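Colleague: Please put together the full structure from these sequences, using the hints given.
Here is what each chain is made of, one letter per residue.
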Amino acid sequence: MPDEVATQEEKIKSAEELSQHQKAISISEFFEKNRHLLGYDNKTKALMIIVKEGVDNSLDACEEARILPDITVKIEELEKEKYKIIIKDNGPGIVKKQIPKIFGTLLYGSKFHRLRQSRGQQGLGISCGVLYSQLTTGEATEIASSTGKEEIHKYTLKIDVKKNEPVILNEKSEANPHKWRGTRISFVAEGIYREHKQSVLEYLKETAISNPFANFIFESPSGKLEFRRGVEKLPIIPKEIKPHLYGVEVGLFTRMLNETSARSISGFLTTEFSRIGATTATEILKKAQIDPKISPRRTTDENIVNIVKAVKEVKLSKPPTDCLSPLGEKAITKGLQKELSPDFVASVTRSPAVYRGWPFQIEVGIAFGGTIAEANFMRFANRVPLLYQQGSCALTRSAASVDWKRYGLDADKLPKGPIVLMVHICSVWVPFTSESKEAVASYPIIVKETKLAFQDAARKLSLYLSGIRRAERIAERKRIFERYAIETARALQELTGEDEKKIKGMIATVVEKRWGEVVDSPSGNGPTDGD
Amino acid sequence: MAPLMVINMTVKRTENTKESIVDLGKDVLGQLKKVQNPNISLPVRALSNIKFDEKNKLIILGDKMSQRTYMNIAHTRKFMQTLMVAAECKKLLSETENTTTSIRDLYYILKRTIPGTTENTFEEQSESDPIIEDLEAALSTLRENLHLHADQKGSLVGPIVIEEPKFGSETDCMKLGASGFGIPSICEPDTVKLKSTTADFVLVVEKDAVWQRLNEDRFWKNHNCIVITGKGQPDRGTRRMINRLNAELKLPVYVLTDADVWGYYIYSVIKQGSINLSFVSDRLGTPEARFIGLTTQDVVKFDIPKNVTIKLNEGDKKRAAEMLNYRWFRPKEWHHEINHMLKVGHKLELEALSAKNIRFITEKYLPEKIKKKDFLP
Numbered sequence: 006m007p008d009e010v011a012t013q014e015e016k017i018k019s020a021e022e023l024s025q026h027q028k029a030i031s032i033s034e035f036f037e038k039n040r041h042l043l044g045y046d047n048k049t050k051a052l053m054i055i056v057k058e059g060v061d062n063s064l065d066a067c068e069e070a071r072i073l074p075d076i077t078v079k080i081e082e083l084e085k086e087k088y089k090i091i092i093k094d095n096g097p098g099i100v101k102k103q104i105p106k107i108f109g110t111l112l113y114g115s116k117f118h119r120l121r122q123s124r125g126q127q128g129l130g131i132s133c134g135v136l137y138s139q140l141t142t143g144e145a146t147e148i149a150s151s152t153g154k155e156e157i158h159k160y161t162l163k164i165d166v167k168k169n170e171p172v173i174l175n176e177k178s179e180a181n182p183h184k185w186r187g188t189r190i191s192f193v194a195e196g197i198y199r200e201h202k203q204s205v206l207e208y209l210k211e212t213a214i215s216n217p218f219a220n221f222i223f224e225s226p227s228g229k230l231e232f233r234r235g236v237e238k239l240p241i242i243p244k245e246i247k248p249h250l251y252g253v254e255v256g257l258f259t260r261m262l263n264e265t266s267a268r269s270i271s272g273f274l275t276t277e278f279s280r281i282g283a284t285t286a287t288e289i290l291k292k293a294q295i296d297p298k299i300s301p302r303r304t305t306d307e308n309i310v311n312i313v314k315a316v317k318e319v320k321l322s323k324p325p326t327d328c329l330s331p332l333g334e335k336a337i338t339k340g341l342q343k344e345l346s347p348d349f350v351a352s353v354t355r356s357p358a359v360y361r362g363w364p365f366q367i368e369v370g371i372a373f374g375g376t377i378a379e380a381n382f383m384r385f386a387n388r389v390p391l392l393y394q395q396g397s398c399a400l401t402r403s404a405a406s407v408d409w410k411r412y413g414l415d416a417d418k419l420p421k422g423p424i425v426l427m428v429h430i431c432s433v434w435v436p437f438t439s440e441s442k443e444a445v446a447s448y449p450i451i452v453k454e455t456k457l458a459f460q461d462a463a464r465k466l467s468l469y470l471s472g473i474r475r476a477e478r479i480a481e482r483k484r485i486f487e488r489y490a491i492e493t494a495r496a497l498q499e500l501t502g503e504d505e506k507k508i509k510g511m512i513a514t515v516v517e518k519r520w521g522e523v524v525d526s527p528s529g530n531g532p533t534d535g536d
Numbered sequence: 344m345a346p347l348m349v350i351n352m353t354v355k356r357t358e359n360t361k362e363s364i365v366d367l368g369k370d371v372l373g374q375l376k377k378v379q380n381p382n383i384s385l386p387v388r389a390l391s392n393i394k395f396d397e398k399n400k401l402i403i404l405g406d407k408m409s410q411r412t413y414m415n416i417a418h419t420r421k422f423m424q425t426l427m428v429a430a431e432c433k434k435l436l437s438e439t440e441n442t443t444t445s446i447r448d449l450y451y452i453l454k455r456t457i458p459g460t461t462e463n464t465f466e467e468q469s470e471s472d473p474i475i476e477d478l479e480a481a482l483s484t485l486r487e488n489l490h491l492h493a494d495q496k497g498s499l500v501g502p503i504v505i506e507e508p509k510f511g512s513e514t515d516c517m518k519l520g521a522s523g524f525g526i527p528s529i530c531e532p533d534t535v536k537l538k539s540t541t542a543d544f545v546l547v548v549e550k551d552a553v554w555q556r557l558n559e560d561r562f563w564k565n566h567n568c569i570v571i572t573g574k575g576q577p578d579r580g581t582r583r584m585i586n587r588l589n590a591e592l593k594l595p596v597y598v599l600t601d602a603d604v605w606g607y608y609i610y611s612v613i614k615q616g617s618i619n620l621s622f623v624s625d626r627l628g629t630p631e632a633r634f635i636g637l638t639t640q641d642v643v644k645f646d647i648p649k650n651v652t653i654k655l656n657e658g659d660k661k662r663a664a665e666m667l668n669y670r671w672f673r674p675k676e677w678h679h680e681i682n683h684m685l686k687v688g689h690k691l692e693l694e695a696l697s698a699k700n701i702r703f704i705t706e707k708y709l710p711e712k713i714k715k716k717d718f719l720p
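Chains as they are written, first to last, in this note's numbering: chain S, 6 to 536; chain G, 344 to 720.
Keep in mind the hints are simulated off the structure, nothing from the lab. Since we're looking at a predicted model, the values are computed, not measured. Note that CB positions come from ideal geometry on N, CA and C, so glycine has one too. There could be a bad hint or two in this list.
What the hints assert, rightly or not - Quick partial rundown of chain G residues pointing at chain S, CB under 7 Å, derived from the structure: (1) Val365; (2) Leu372; (3) Val378; (4) Ile416; (5) Thr419; (6) Met423; (7) Met427; (8) Ala430; (9) Thr464; (10) Leu592.
As the list claims (entries may be wrong) - Calculated lysine-lysine pairs in the BS3-like style (CA-CA distance at most 30 Å, straight line): (11) G:Lys434 - S:Lys509; (12) S:Lys507 - G:Lys376; (13) G:Lys686 - G:Lys644; (14) S:Lys247 - S:Lys154; (15) G:Lys564 - G:Lys644; (16) S:Lys323 - S:Lys298; (17) S:Lys507 - G:Lys369; (18) S:Lys506 - G:Lys361; (19) G:Lys377 - S:Lys518; (20) S:Lys483 - G:Lys454.
Modeller: This is the structure:
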């Protein structure tokens, strides 16, 4: 095209010239421009995300240290759309030298490289809160932490966006006469405080349901409230696991080959992967036509592709599931009961299953009646409430695929009326659709497990409901028999001379004693059904 | 006038009726004492429990019983209502022999709000009336013996003297004005005495307007007959009167109705009783009654103008088909008439005869029919 020709005729820039503008960008810089990817896309949501990152960290730390969590969240309005957010826990505290790194560096964390069920994964959350605060208000974040020993360490810091490093503005260690243990973080950030469905309040309420062993105090701009602890037992600590071969793709496999200390490819398979014994390793390598004794570092790309192909043809043992820590049916019931005061709760914890080699487990709860005013659907991943992107989440779609009407419930995709559904997916690696961790991806096995769990719980609920309806029918009949007893007794007194009250008593006795004989009578017109 | 023979009917007297009502109450009480689900047995008053007595040509009640039980939510209300009506009737019967109450009064006496509800013991008179009939059937008694009466509906005129001892009155039904003699709802021999008559027959007409015409034209005088109307479907008093005129005075009875399914059914009720009151057909039915008209076949016979006929509607056709199945419409003449009506597809009102001439019915139609004995059975 003529235009393009014209452009071609302009001075062509050399690669050298172009390279002057190319440089690595830091993750902090990236976040500055793309904060929506981590969920900071509006001012209301930002407050919720900051609280969530802080509370998630506190809960993870307490669980790991085997401490029953006491967490206080305080939100104070400083000026219009500017808030102070304080999150305080009774966790194990953070050792002094770690504090600046944890809060002042993005992607600094202990959880990314291990395969174990935990709330946070990438080490992005809390430092993003620090960054968001400084980007929106220019204010530094204050951290105080103590491991319960002699000193409390206090930091005031920001993040150097270019270097992805903490900038420490103030740092001091104070005496700790009362042996306080825990961490206290104070952000000053731009935001809007609301109490709608996707708010801090809803997040804390749902967190209190999925973490019934924790106690929360929330001092909000509209008052103070407490979500009390419902159980005194912490969940079991999930074990770390190795990756399972079913979930391994060429890229990861190549990286692992470079990092392993195994001396043979056979040894690599048996030590670096979950549930691979010598026999299985031999079988895989035979199918891939590779010498089991060659060094992992000498495998070719072709070898790797062949191994990944061979894996699909070999029957592997499922990954171990002790890396999972589900809530359990009792804790689900307790959590829903204490926060919602329903009349009935059904909970179901499915057996662990596997998607792409990752073990996961689905559990659901249905709370019905009582103080529940309107229908709600709560999603949790590793005990963290998912408040956004409900519509695009596999858990929602799965729940909507249940034929709720079959279980005696009014429903438009999801049930309506005084009913709250909750679903919890726990996994060493929850397949979120994005880094903001708001929706679960649609793996067929996850959708199927969720549906089965809801169907099972719905069966329990429908048994309860049919019991209620039966009881209502019985009560209605008794009311009818009582209603007509007065005039019947009066008429019988006129006819027989027997005392009216005595006859009423006799009718009541008959109704009570002959109750079992009462059957539904579809036709009851009596003898006068017309000419 | 010749003295008349009084037919002795087998009717339970007041005392017997009262006893059987009390027995009903005692029976229910007994069940309660034995901690049984209280239950009242009632004859089924529906087509399913109707027989046609070929010998006496009457619709009679079969022996199917239904149970009205307290502990069946569909029955409880009616169970209470049955006992309430029974109790009120017992009260009425305990008072002086001559006290009667209208069935409408009874409804109001028993209507009250059930404590703690917005529901009434009886919402409509249509709820209490069938209960009375249930009791009549269950106790093999009559409303009249329960000292209950309904509104007076029928009228009569003609050469008959009627005495009502309760009122000390004696009525010569030839000396009446436009409204004639109102037939009392309770028309039993002890309250309404048929003292004497010179009439040759009885003419029952469906419609009051036609009765007025016959009275005005002194048809009863010219043809020496008693003319009765039930103003539509005749009530029990009127049917009882027709029955007694035929049974006690041996007068032939002719019935004149519209030529339509409803007219024919009125005739059948007068003749052999109704499904609903089948338990008293022997007292209300007049098997010897004959149908004088109108028939759809009369249109040709009397050269009635086609334009006064009315097209049959779907309801007419459906009802006609039902009637063809009734045992008591089995005579071939009736099948012939009903099929004829369906074939020509029209019906005819009595007033249509006036299209010929206002006195056509009294001067031509009826005399000719009677003379030729042109009746349907």
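Colleague: Which of the listed hints are broken here?
Modeller: 10, 14
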